[in-house]
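Asker: Go by the hints and put chain B onto chain A.
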Amino acid sequence: MVLKSNTRRLGYLLGPTTLFLGIFFLGPLAVMFVYSFLEPGLYGGVEWNFYHWNYGRILGWADSEWEAFDPVYAEIFLRSVRIALTNVAITLVLCYPAALWVSGLSPRRQTLIVFLITLPFFVSMVVRLFAWVLILRPSGFLNSSLIGLGLISEPIDIIFTETAVLIGMAYILLPFMFLPIYASVEKLDRVLIDASSDLGGSPRQTFLRVTLPLTLPGIAAGSMLVFIPSLGNFIVPDILGGAKVLMIGNLVEQQFLSARNWPFGSALSVMIMIVMFLLILIYLRRVGRAGQNG
Amino acid sequence: MNGEEQTPDQTAPIAEVRGAVKRFAAPEGGVITALDEISLKVRMGEFVTLLGPSGCGKTTLLRAISGFEELDSGEVWIAGQRMTGVPPHRRPVNTVFQSYALFPHLNVGDNVGYGLDVAGVPRRERDNRVGEVLERISLVGFERRKPNQLSGGQRQRVALARAIINRPNLLLLDEPLSALDRNLRQSMQLELKSLQNDLGICFLFVTHDQEEALTMSDQVVVLNNGRIEQVGPPESHYHRPATRFVAEFIGDGSLFSGRVEGPIEDPVLATDDGLRFAVGRGAPIGRKATLLLRPEHLQAAPAEPDAALGVVDATLQQTVFLGATRKFVCRLVNGATVIASPAGAEALSGIAPGGTLRLAYHRDKPHLILETHDGA
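Protein sequence lines, in the order shown, are assigned to chains A and B. Here the numbering used here runs 127 ahead of the position in the first sequence, where the first position is 1. Here the numbering used here runs 136 ahead of the position in the second sequence, where the first position is 1.
For the record, the hints were derived by calculation from the structure and aren't laboratory data. Among the hints, erroneous ones may be present.
Cβ pair distances, simulated, as ranges [to be verified]:
| no. | chain 1 | residue 1 | chain 2 | residue 2 | range |
| --- | --- | --- | --- | --- | --- |
| 1 | B | Lys463 | A | Gln237 | 20 to 30 Å |
| 2 | B | Pro163 | A | Leu221 | 25 to 35 Å |
| 3 | B | Asp172 | A | Ile407 | 52 to 62 Å |
| 4 | A | Ile407 | B | Arg159 | 37 to 47 Å |
| 5 | B | Ser235 | A | Ser233 | 18 to 28 Å |
| 6 | A | Gln237 | B | Arg159 | 23 to 33 Å |
To be clear about the criterion: a stretch of chain A counts as covered by chain B if any three or more of its residues have a C-beta under 8 Å from a C-beta of chain B, and this derived list gives those stretches [stated by the list, open to error]:
| no. | region |
| --- | --- |
| 7 | 310-320 |
| 8 | 324-334 |
Cβ coordinates follow ideal geometry from the N, Cα and C atoms, glycine included.
Bound-form chain A, shown alone (with noise of 0.2 Å):
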């Protein structure tokens, strides 16, 4: 009796979201499925028929009717990964030893900051990416500082190349990676590194054998929350990257927006998503083994 009522109680409440997800999520994926191996049309649209070389031209075969072999999207894949990698490092070396000195803090000061942190939501991701190319082109605040100091002749090179979109991806993500970080070295008890001071571990000891298995599942969250939209992201390639450094997000949006071949972009989509799956599969799996004891 008490169960059925408590499944009926919990059906109701997980109707809509079901109903929502089941429509606007799962919906659009299978359309995408499916578009990815059909053939496309000669002038945007689809043909109706089984078609695989989507997913032989991202891998570089190539389709006699239309081009040579050219691994040239497979090159854009890894490179977004590698920049997605990139990133996840730079965040998490740059969030890192900030929180554990933020959760030091009075709380007073800890709440400040963790506002001052989500301050940047507040003004569009496009306006802020755009400060960034006043900062960074050839007669922009950084080149002339460096210039007015005298540390440098020319202008640097930095807008319009990997090291602005890393920037920029650093900067959009770094609340993704430090807040999950924080609450997890937040909650960390400080009498267990005064229980390893005690026990003879030396500073490094301890952060190696307590702070830091005991924070992975907030390194592990930062990760994820950081890598998913780094690996998708089109934004800020596009700004901060001009059309030099091209990632698979952009590619994407050219498919559809540009060149209308709904097929290629559905399976460039499909392959970032399967990418996405394996590699998260793989973290989860070694940090989940040693973090799933905290």
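Answerer: Quick look at chain B alone, frame taken from chain A:
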């Protein structure tokens, strides 16, 4: 002890605190003096208890010894070495924390072996010693369990095992039994005591529970407001408290303050509200003092009390049955309450609440606390 065997020097202090002062800024402003000129010696093989109410400075003193608090002034010496500026991980002491502080991500074996792992003890020796210690605390077979799969008592044992595996000269215990239920606490008290005997190392035990302190300790240090009130074996605290605070904190009893008056062969303590208690001959006439009447001092007065007895008239308020004894809660003429719990209660058991009774005590039995300076 007699010099034939190589026994540890019983008189050499294993740890010494000299003139320790520690002040904290109070959250509401002002300064809290947690340690006020504390000096203390802990000798080899002793079970020493720091006893006092919460906020008396006992935990601060412990943390100063383990190195987690830096003293404002004064020194800590352990095993003949000055510890000023020595970080906790280089001090030859280990701590059992109040919350146990077991590492949640490590199993019992790795928790216990932690001290050996960070010291780089070879695997085989490490495993042997972990096994030995687990056997000593009867947790063999629990190596693979995680702390959250243990009961409170088992966690307590693991915390203990982890702290003794490094074979410290001095083990610090910060209210380790306070989270356990009463039965478990009592059996752990005896177990701790026997563990300390077996290991022959010094235990410095912090508690606010007087029963714990009296049960286990060789020496009890009573702390109040950052100062030491009294140091000595448990019996001396009970029978001869040095201050009014110690008398109130340890054991039951009633306290009466007044001035000792003559004649010299029959001195009495006269209180401000007119009560007169016979006190032991030799009490200094004219001094301000406080008399401590313990429940076991009082019994029914005989019909013809002799000169060795002090007599108190009272009204019975309540009788409390305690199993082996009875407790008689009585009211004196000035409204003060005394509790009598005589060995043989027959003479008093016929009196109904509200009835009057005459109690007597041997005048040499109750302890008289002399005030060190008049006017306080």
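Asker: None of the hints should be skipped; say for each whether it holds.
Answerer: Tested hints:
no. : hint                            : in the structure
1   : Lys463/B x Gln237/A: 20 to 30 Å : violated (53 Å)
2   : Pro163/B x Leu221/A: 25 to 35 Å : holds (33 Å)
3   : Asp172/B x Ile407/A: 52 to 62 Å : holds (58 Å)
4   : Ile407/A x Arg159/B: 37 to 47 Å : violated (52 Å)
5   : Ser235/B x Ser233/A: 18 to 28 Å : holds (22 Å)
6   : Gln237/A x Arg159/B: 23 to 33 Å : holds (26 Å)
7   : 310-320                         : holds (count 3)
8   : 324-334                         : holds (count 9)
When held up to the earlier numbered hints, the structure conflicts with 1 and 4 and fits the remainder.
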